[in-house]
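Engineer: Spelled out from the first residue to the last, the chains are:
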Amino acid sequence: MLIKRMRKERSTKVGISRYKGLGEMNPSQLWSTTMDPDSRTVRQVNLDDAMAADHMFSVLMGEMSRPGAASLKRTRNTLRTWMYNRHPAKV
Amino acid sequence: MANERVIPINIEEELQNCYLDYSMSVIVSRALPDVRDGLKPVHRRILFGMHELGMQYNRPYKKSARIVGDVLGKYHPHGDSSVYNAMARLAQDFAMRYCVVDGQGNFGSIDGDSPAAMRYTEARMARIAEDILADIDKETVDFVPNFDDSLTEPLVLPSRVPYLLVNGATGIAVGMATNIPPHNIGEICDAIRATVENPDISTRELMEHVTGPDFPTGALAYGASGLFSAYDTGHGKITLRARANVEQMRANREQIVFTEIPYQINKSNLVERIADLVRNKVLEGISDLRDESDKEGIRVVIELKKDFEPQVVLNNLYKHTNLQTTFGINMLALVNGIPQVLSLKGILQHFIDYRHNIIVRRTRFELDKAEARAHILEGLKVALDNIDEVIEIIKKSSSANNARLNLMERFEFSELQAQAILDMRLQKLTGLEREKIVQEYIDVLKQIERLKFILDNRSERMKILLDETREITKKYSDERRTEMIEDAEDFSVEDMIADEEMAITITHNGFIKRTPVNVYRAQRRGGVGKRGASARDDDFIENLFIASTHDYLMFFTNFGKVYWLKVHELPQAGRATRGRAIVNLLECEKDEKVRAFLNIREFTDNKFIIIATEKGTIKKTRLDAYSRPGAPASSP
Chain L
409 MLIKRMRKER STKVGISRYK GLGEMNPSQL WSTTMDPDSR TVRQVNLDDA
459 MAADHMFSVL MGEMSRPGAA SLKRTRNTLR TWMYNRHPAK V
Chain H
54 MANERVIPIN IEEELQNCYL DYSMSVIVSR ALPDVRDGLK PVHRRILFGM
104 HELGMQYNRP YKKSARIVGD VLGKYHPHGD SSVYNAMARL AQDFAMRYCV
154 VDGQGNFGSI DGDSPAAMRY TEARMARIAE DILADIDKET VDFVPNFDDS
204 LTEPLVLPSR VPYLLVNGAT GIAVGMATNI PPHNIGEICD AIRATVENPD
254 ISTRELMEHV TGPDFPTGAL AYGASGLFSA YDTGHGKITL RARANVEQMR
304 ANREQIVFTE IPYQINKSNL VERIADLVRN KVLEGISDLR DESDKEGIRV
354 VIELKKDFEP QVVLNNLYKH TNLQTTFGIN MLALVNGIPQ VLSLKGILQH
404 FIDYRHNIIV RRTRFELDKA EARAHILEGL KVALDNIDEV IEIIKKSSSA
454 NNARLNLMER FEFSELQAQA ILDMRLQKLT GLEREKIVQE YIDVLKQIER
504 LKFILDNRSE RMKILLDETR EITKKYSDER RTEMIEDAED FSVEDMIADE
554 EMAITITHNG FIKRTPVNVY RAQRRGGVGK RGASARDDDF IENLFIASTH
604 DYLMFFTNFG KVYWLKVHEL PQAGRATRGR AIVNLLECEK DEKVRAFLNI
654 REFTDNKFII IATEKGTIKK TRLDAYSRPG APASSP
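So the sequence lines, in the order shown, correspond to chains L and H.
All residue numbers for the first sequence refer to our numbering, where the first residue is 409 and numbers rise by one.
All residue numbers for the second sequence refer to our numbering, where the first residue is 54 and numbers rise by one.
Bear in mind the hints are in silico, worked out from the structure with no lab data behind them.
Some hints here could point you the wrong way.
From chain H, some residues computed to sit far from chain L (all C-beta separations above 12 angstroms) [to be verified]:
id : residue
1  : 59
2  : 61
3  : 71
4  : 80
5  : 130
6  : 201
7  : 339
8  : 387
9  : 442
10 : 515
11 : 650
12 : 676
Quick partial rundown of chain H residues pointing at chain L, CB under 10 angstroms, derived from the structure [as the list claims (entries may be wrong)]:
id : residue
13 : 57
14 : 69
15 : 204
16 : 206
17 : 209
18 : 335
19 : 337
20 : 340
21 : 390
22 : 391
23 : 593
Derived Cβ-Cβ restraints for the label pairs, each shown as a range [as the list claims (entries may be wrong)]:
id : chain 1 : residue 1 : chain 2 : residue 2 : range
24 : H       : 458       : L       : 421       : 50 to 58 angstroms
25 : L       : 454       : H       : 199       : 32 to 40 angstroms
26 : H       : 59        : L       : 440       : 17 to 25 angstroms
For every residue, glycine included, the Cβ atom is placed at its ideal position computed from N, Cα and C.
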């Protein structure tokens, strides 16, 4: 929408660039998007329940074994939801 | 701090969401192959990238770095080494049953040497790749924008090759993994035909065509029931064994020669491991170990010491090294973007449905093209029939635009037709060229009829599908390399050793040997007897008995332990020898002496062993309590 309006209103070409910040951006771009306190968004990580957090770490990033069929089914359901949230059109 | 937004997040939730994103993305777009073209995204992008660069099998090689750079910059925003490694693997004939990349230079070896850097090597597509990419320009597959929306890339390739089954796949995603073995392309094509002809075909019937996996490295495969389970349910396992031959070196000395090793086993590590085991005395009877592999093929030679039974040494090699490995089959692939465990039939059916879909889309594309061409030809034909009038109109028109409008008005041409007439070269006015146009028009009409017929008849489409499959067989089918060994479920060394009667002699000082009984031929009247065994001066034969090679011998020692040996594990020797010390055959401790022997065929539960000690205690134990000869020793 915004791009369309800009294309219409301006005579110069408008393009979209995507950066993850892994050395892809110029210092000024990094400043204006992520460093500048006036425009940045900070996500402040909180630890409310240390036990629960620790549990989550070990569940997700600890030793993992191959899940059985039931678990595959669960993963597939999660996957469907996930895909729907990302690209509703494709599902 | 004026406009700063602070969003508090909880670490648990954040972790969960990030991990979900990560794991799902690994599953759908990294580690698992698509059931239709059998490719993971990186391989698909490499092939498509090479296709775009025009690196067909009959064109010159190009530097690998160009391919990697193109694939990275256009489609695959990941590491250059991951792309290069993936491409190099596609060119390794020991990793791929059918290589899809043709490499020039050092692409690594089965000894685990890595390929030369991508600035040195060159590559192009192998011939089979042309059938993986065939018809890609005919709107047969969907294209999606690449990562920065500047180009499009195919979601899937229109492969005529049943790639997933012929080259297999290995991938570890998050919480799930896939391991599909490679197969023989001829056998898989046969199975496709059989499935098309009989959609209700059973796994057993399919296995008449697909006898089992076919690895690029050959070798022997065992495990019929595991294989059936893999093909029937998607899960199962088979055992792979190196191919071994026993060669006679000189009198009394033999050597074992391995010419094929199990899939995905690093040969130099394997040889190193054997050497370690020999050094640590785990493997006995080996006097020399050499890797004589050369450009002709693999040849790992193991020389045996005198009087060692090759089958026994071989059995130990299989037991302790990767000369025998288990291949766990787990046929997981993406079906419409969702991971699914598939049977052999399931994979074949998905491939057939996909091919059918490709044929429909290709036919539709060709029909549209043919109809557009027919439309133009129709216009040209009318124009040529009224050529004088057409020329007159054009001459009188003030501009090209005007001429087009005038033509459209006079002959009811469409804009496309009028434009085609204006673009026509004057040489088309010759008689020969005019005839050509008429002939082409007739041909195109025939083609349209044929294409419509295909679109209206499913059976016709299936016939095309089978024809194309047959063509793949003709082009790429080759000899099976892996030998399937039938019904060898509990194969053991006994299967390879004849059940023979042996005369066993044990001397007072604890030397043991076995001699085939036929060595002691019956003597006629007047015979002077034969020496059954020799012993040193202070030694004498204490026991002599007959046992079969498949019998167990139990050795009870003064430490109160019992050891097992199979009779065939005893050293076979001639009549005039004393054999080897029992303590060297068993893993005895210092000062441990064998006190009693028992020769057992089977561990039944209705027989007992009675043990009495010097001090007068006695007990009986059921024989089957000793039936665990796997353990090295245990207390009786």
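Engineer: All hints, please: hold or fail.
Structural biologist: Hint check:
With a least CB separation of 5 angstroms from chain L, residue 59/H falls inside the 12 angstroms interface cut-off, contrary to its annotation. A cut-off of 12 angstroms between C-beta atoms contradicts the statement that residue 61/H is not in contact with chain L; the least separation is 5 angstroms. Separation of residue 71/H from chain L is inadequate, the least Cβ-Cβ distance of about 9 angstroms not exceeding the 12 angstroms criterion. Residue placement check: residue 80/H does not keep its beta carbon more than 12 angstroms from all beta carbons of chain L (closest about 7 angstroms).
Here residue 130/H does not stay apart from chain L, with its beta-carbon only about 9 angstroms from theirs, under the 12 angstroms limit. Residue-level check failed: residue 201/H sits 6 angstroms from the nearest beta carbon of chain L, not beyond 12 angstroms. For residue 339/H, the requirement that its beta carbon stay farther than 12 angstroms from each beta carbon of chain L is met, with the minimum near 37 angstroms. Its closest Cβ contact with chain L, about 10 angstroms, brings residue 387/H to no more than 12 angstroms, contrary to its assignment away from the interface.
With a minimum CB-CB distance of about 47 angstroms to chain L, residue 442/H clears the 12 angstroms threshold, and the non-interface call stands. Here residue 515/H stays apart from chain L, with its beta-carbon at least about 29 angstroms from theirs, past the 12 angstroms limit. The claim that residue 650/H lies off the interface holds: its Cβ sits roughly 46 angstroms from the closest Cβ of chain L, which is beyond the 12 angstroms cut-off. With 12 angstroms as the threshold on Cβ separation, the claim that residue 676/H sits away from chain L holds: the shortest Cβ distance comes to roughly 40 angstroms.
Checking residue 57/H against chain L by beta carbon gives a least distance of about 5 angstroms; that is within 10 angstroms, so the hint holds. Of the supplied interface hints, the one on residue 69/H holds, with its beta-carbon coming within about 6 angstroms of a beta-carbon of chain L, less than 10 angstroms. At its closest, the beta carbon of residue 204/H sits 14 angstroms from a beta carbon of chain L; the interface hint therefore is violated under the 10 angstroms criterion. Nearest Cβ of chain L to the Cβ of residue 206/H: about 15 angstroms, over the 10 angstroms cut. The hint is violated.
Interface hint at residue 209/H: violated, since its Cβ lies 13 angstroms from the closest Cβ of chain L, which is beyond the 10 angstroms cut-off. Using the Cβ-Cβ criterion of 10 angstroms, the hint placing residue 335/H at the interface with chain L is not satisfied: the shortest such distance is roughly 30 angstroms. Nearest Cβ of chain L to the Cβ of residue 337/H: about 37 angstroms, over the 10 angstroms cut. The hint is violated. The interface hint given for residue 340/H is broken, as the beta carbon of that residue sits about 43 angstroms from the closest beta carbon of chain L, more than 10 angstroms.
About 7 angstroms separates the beta-carbon of residue 390/H from the nearest beta-carbon of chain L, less than 10 angstroms, and the hint is met. Checking residue 391/H against chain L by beta carbon gives a least distance of about 5 angstroms; that is within 10 angstroms, so the hint holds. At a threshold of 10 angstroms, the smallest CB-CB gap from residue 593/H to chain L is about 60 angstroms, leaving the interface hint violated. For residue 458/H paired with residue 421/L, a C-beta distance near 35 angstroms fails the hint of 50 to 58 angstroms.
Restraint check, residue 454/L to residue 199/H: a C-beta distance of roughly 38 angstroms satisfies the suggested window 32 to 40 angstroms. Separation of residue 59/H from residue 440/L is about 18 angstroms and conforms to the stated range, judged on CB atoms against 17 to 25 angstroms.
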